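Can you join these two chains into the complex? Each is in its own frame, and there are hints to help.
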Amino acid sequence: MTPITTPEIAVRASGVEKIYVSGDTNVVALRGADLEVRCGEILMLVGPSGCGKTSFISIIAGLLKRDAGQLEVMGQDPQALSTEARTAWRLRTVGFVFQQFNLIPTLTLAENAAIPLILQGMDRRSACEKAREILNYVGLGGREQSSPVRLSGGQQQRVAIARALVNSPKILVCDEPTSALDGATGLHVMELIAQVGRMPGRAVIVVSHDDRIYHLADRIVRMDDGRVDRIETPAARRNTHV
Amino acid sequence: MPIFALKMLFGDSARFYGMLLGLAFSTLLISQQAAIFVGLMSRTFGFITDTPQPDLWIIDPSQRFLDDNKPLRSTAVQRVRSIEGIEWAVPLFKGLLVVNLPDGKRQVSQIIGIDDASLIAGPPFMLEGALTDLRKPDAIIVDERASRREFKMNKPPEGGEPRPLRVGDILELNELRAEVVGICKATQTFQSQPVIYTTYSRATQYAPPERRMVTMVLAGLSKGADQAQVIKTIAERTGLSAFTGEQFTEKTYVYWMLETGIPINFGTAIVLGFFVGVAVAGQMFYNFVLDNLKYFGAMKAMGASRKILLGMVFLQASTVAVLGFGLGIAVTSIFGLTVPNEKLAFRMTWQIPLIAAGAVIIICTASAAIGMWRVLRLDPADVFKG
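Order-wise, the sequence lines are chains A and B.
Under our numbering, the letters of the first sequence match residues 4 to 245, in that order.
Under our numbering, the letters of the second sequence match residues 6 to 391, in that order.
This is chain B alone, in the form it adopts within the complex (with noise of 0.2 Å):
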């Protein structure tokens, strides 16, 4: 009987089609949605997964996400340095710095000044130049992104159409000259400002001075050091938090998922695509079940058992639930191929199809229940009553 029973599904074009695209509508609501919400996340702690290096990230205890600044007193490297299991520190500079076009552009940027002497932490991966350029004068790297988009040069200095911000080219940071040593590519942060690299102590002459310059430092473990020990002895003897990569992406995650609305807004999309789901594709099937109620019947009364109608209609809803799926999936994919990164913040992660799956089946599921239910209860007799 299943092949009949997929003969009856796809007989029934007009309502096989609409179910067909009433799930893969739901799945490409919920997985893109989600996508985009996944990759928005990922730009709130992207400097933290470009930088695979430290063991340790150091801030200061009140520091709630990467981005809420609360630079710490330079000597915060030397006693973390002087904390047993510790094989180096190294301090970091992260903020937001005007940078000044040559066509007189302004620009909010956001800068990164990394250890002099190690250049640790510096972007992972260099398109042009070289990250040890760093160490010539006034130099600067600029992500590839920003040289094409914000930093555009409209009127190049040697005249000529606008081209791209390139190696060799001047900017000027805070009314200090910055030259274009390397382009780098990185991730987009959340508010998509275009990222600087630098030297710390260039990015210190750049930014207004403060007391406190330190944003925050970054710690490798000495080779069989006890990380949670060495995390306690920090707090003891600095009075500072200590992190893992993982565990300042964790908070900085959770910060932007417990204390922004974004959760909610993206989450009502989801909601939204799983009851279009339901009242497009679910009441498609369980209205499909209903019309063929008289052939059940009939062929319940034909001798047909209770697990052969069942398997027909289980059969009916998982076919289409995949099928749908498949082509909510693919049509996602194909949008998260299509449009740019940098235009619209898109990450499919493994979980993200399997949570629209669950969707789709707990739909399916539904008004195949539902549909089965109906099919159970449904009298033999009643096929004499026309």
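This is chain A alone, in the form it adopts within the complex (with noise of 0.2 Å):
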């Protein structure tokens, strides 16, 4: 698998801290955090329980304030940006892959993945048209119609894939992709998502536990205790472990 990487920095943080407030206690998730993204690449972040990882992500992706440090998201400062301004950035920006998949249950896949074209003001016939597109792409052609409780996992989560890729968006944040998922099941999610994901323009942060995938990462970026310990690849890592 050959990295398209270009220049391009697609998020740069800084000294990111977040601090969690409840009552009397101050809990601290980042302490001066550091990170650069690169366009075209899969960044993957690991680390224990607790580390940060999710507060980071969410900060990145403008769901969260953070409470200091600078952050530049496809040369966006999310925070500048009002709420309603922030909603609409992410909507354009930010692709979502969640563990536990959130498909609605209601609905069709089609209909799942044409969520966020609908949110962009797209009528739900052309958004469900283009969605049947990019469900054909991750391997569900012929299913658009089906409910997703006649689903498995793995499936599942191919559909929120192609919900998190239907815009277009320039960065993709996946959280815990293939942890709901059996080992191999996991594995093939991943490889989608790596092989959709990679594109020029587009970063791609994987937020994993799992270290059967960390092979198809570019980079893996090691947190702990707020920090970002150290940035490693797949063959450097190997070779520490063996």
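Any given hint could be a false lead.
No farther apart than 20 Å at their CA atoms in a straight line, the calculated lysine to any residue pairs in the SDA-like style are these [as the list claims (entries may be wrong)]:
| # | chain 1 | residue 1 | chain 2 | residue 2 |
| --- | --- | --- | --- | --- |
| 1 | A | Lys-68 | B | Asp-384 |
| 2 | B | Lys-228 | B | Gly-90 |
| 3 | B | Lys-12 | A | Ala-183 |
| 4 | B | Lys-312 | A | Met-125 |
| 5 | B | Lys-312 | A | Ala-71 |
| 6 | B | Lys-12 | A | Lys-68 |
| 7 | B | Lys-312 | A | Gly-124 |
| 8 | B | Lys-299 | A | Asp-126 |
| 9 | A | Lys-68 | B | Leu-383 |
| 10 | B | Lys-160 | A | Val-152 |
| 11 | B | Lys-299 | A | Val-152 |
| 12 | B | Lys-12 | A | Arg-153 |
Derived from the structure by calculation, the hints contain no laboratory data.
Treat the numbers as computed from the prediction; the structure is a model and nothing was measured.
Rendered as structure tokens:
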């Protein structure tokens, strides 16, 4: 697999801090995290539970506000935008693949995959037509009218990937995309993400605990205690662990 | 997104039908009980609405409602007639008497004695015979419902099968002969007694003698007379109270509303209907929103604006409200059309569906508002927490 990388930086974060306040208790999730994600690369964010991975991708995706530090995502600091503008920016810029798929069971696969396009204002018929094309691309052609509840976990995650990519986002954020799947299915899903997500001008950030898929990344960023601990390539990691 | 919102709603069929039935049942309870209440209340002043001719109803000042008879002296009619602005005034007798049927059955009935000359205040609809037949000797007109029920001839004089009372049959009132000359349709009384119309003079013969026999005076105004001034003059010159039909209806209605336990009994059922709606439909809708919160959260993360998400919840709530209300009102209407009015007082006025709709709107708005609040408070980053 040859990475199509460009020198363009998709995400640049420096000194990002996040503190959750719960009553009298302050929980520090990020303590000055630094990261650069290049366009065209697949970056895997790994680390133990509670190390700040989810907070970090939430801030990168414009879902969460940071307390300190600098952040630029595709040339834009999401926090500098108003709530409405940030929502619209997220719709245009970020695609999401969730751990639990979050497919609406009463909608067809095509309708689920078409949601981002409809949110962007496209009419339902055209959106579903475009969704059919991408469902075909992820290997679910002919099943557009099926219900998600009839699909296996791997197939549901494929629909979620189709939904994340249907409006051609610049950043694809995947949160534990394989954790709800068995090993073989998880690997297939991650291969699909690597295949369809890796595009010129697009960056893919995958949060994962599943070390069986690390080899599909271009770089692996290990976090610990709210900071980026080290960055390595799959090859270097293999050598370290042998 | 509206179609998706509706598919989310209809797709959860168990919950959707639960909400629908909850709201329909709530609407049914509210509207049916309210319609029965209005029907019952209408019977308390049915005679007033059945009698459109008089401009004024003149009664003793201490009379509290229509059936609270406080008879007047017979001179009251002449005194009212003497007042400027009064075109005509006639006496009315209204009281309860025992009627003996040929088969020996006795039945307390409401006797209405109307002015012999003008026959003003006669029954609103004649089904058999004519109002002028009251001028025949011993003539009475009986209401149709009573002719089939209370006055049913179980042993007709001519023999044969039991049959309804009919024109030509002879009854006995206070041991005096009374011949049925007509069958009329009159609004059922609150206590459901049979209604018998006859002339004033004959009614006073049937009734046990008293010094005061005029139950009330009915009067018509001269053309161009100032109604308020005439009412005031009647009070000043006769010491009697005069009301328009509308005012007398309201006086009667207010008495029953304030002085009896009926409104509380029906009000309790109506409030119960409202709480059934809140408990069943409101709770189910809230749970529906909670169950879908993860999908709303995912859409929020993907870039759905608050306006879109709130619009979805609002559409879902209003759809279930409209369908539940429609079903409930339809069942209420079928109930009203199916159950005979003589067995159950049922009167669906235009205000009742509005009240039921208001209750459904409150239930759905409250549950939708709580659901919307949850959606608004939803942190899109929560979708990463599984």
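Do the hints match the structure? See the list:
{"no.": "1", "hint": "A:Lys-68 - B:Asp-384", "result": "11 Å, holds"}
{"no.": "2", "hint": "B:Lys-228 - B:Gly-90", "result": "8 Å, holds"}
{"no.": "3", "hint": "B:Lys-12 - A:Ala-183", "result": "26 Å, violated"}
{"no.": "4", "hint": "B:Lys-312 - A:Met-125", "result": "17 Å, holds"}
{"no.": "5", "hint": "B:Lys-312 - A:Ala-71", "result": "30 Å, violated"}
{"no.": "6", "hint": "B:Lys-12 - A:Lys-68", "result": "34 Å, violated"}
{"no.": "7", "hint": "B:Lys-312 - A:Gly-124", "result": "13 Å, holds"}
{"no.": "8", "hint": "B:Lys-299 - A:Asp-126", "result": "24 Å, violated"}
{"no.": "9", "hint": "A:Lys-68 - B:Leu-383", "result": "15 Å, holds"}
{"no.": "10", "hint": "B:Lys-160 - A:Val-152", "result": "73 Å, violated"}
{"no.": "11", "hint": "B:Lys-299 - A:Val-152", "result": "16 Å, holds"}
{"no.": "12", "hint": "B:Lys-12 - A:Arg-153", "result": "17 Å, holds"}
In the structure shown, a violation is registered for the earlier hints numbered 3, 5, 6, 8, 10, in ascending order.
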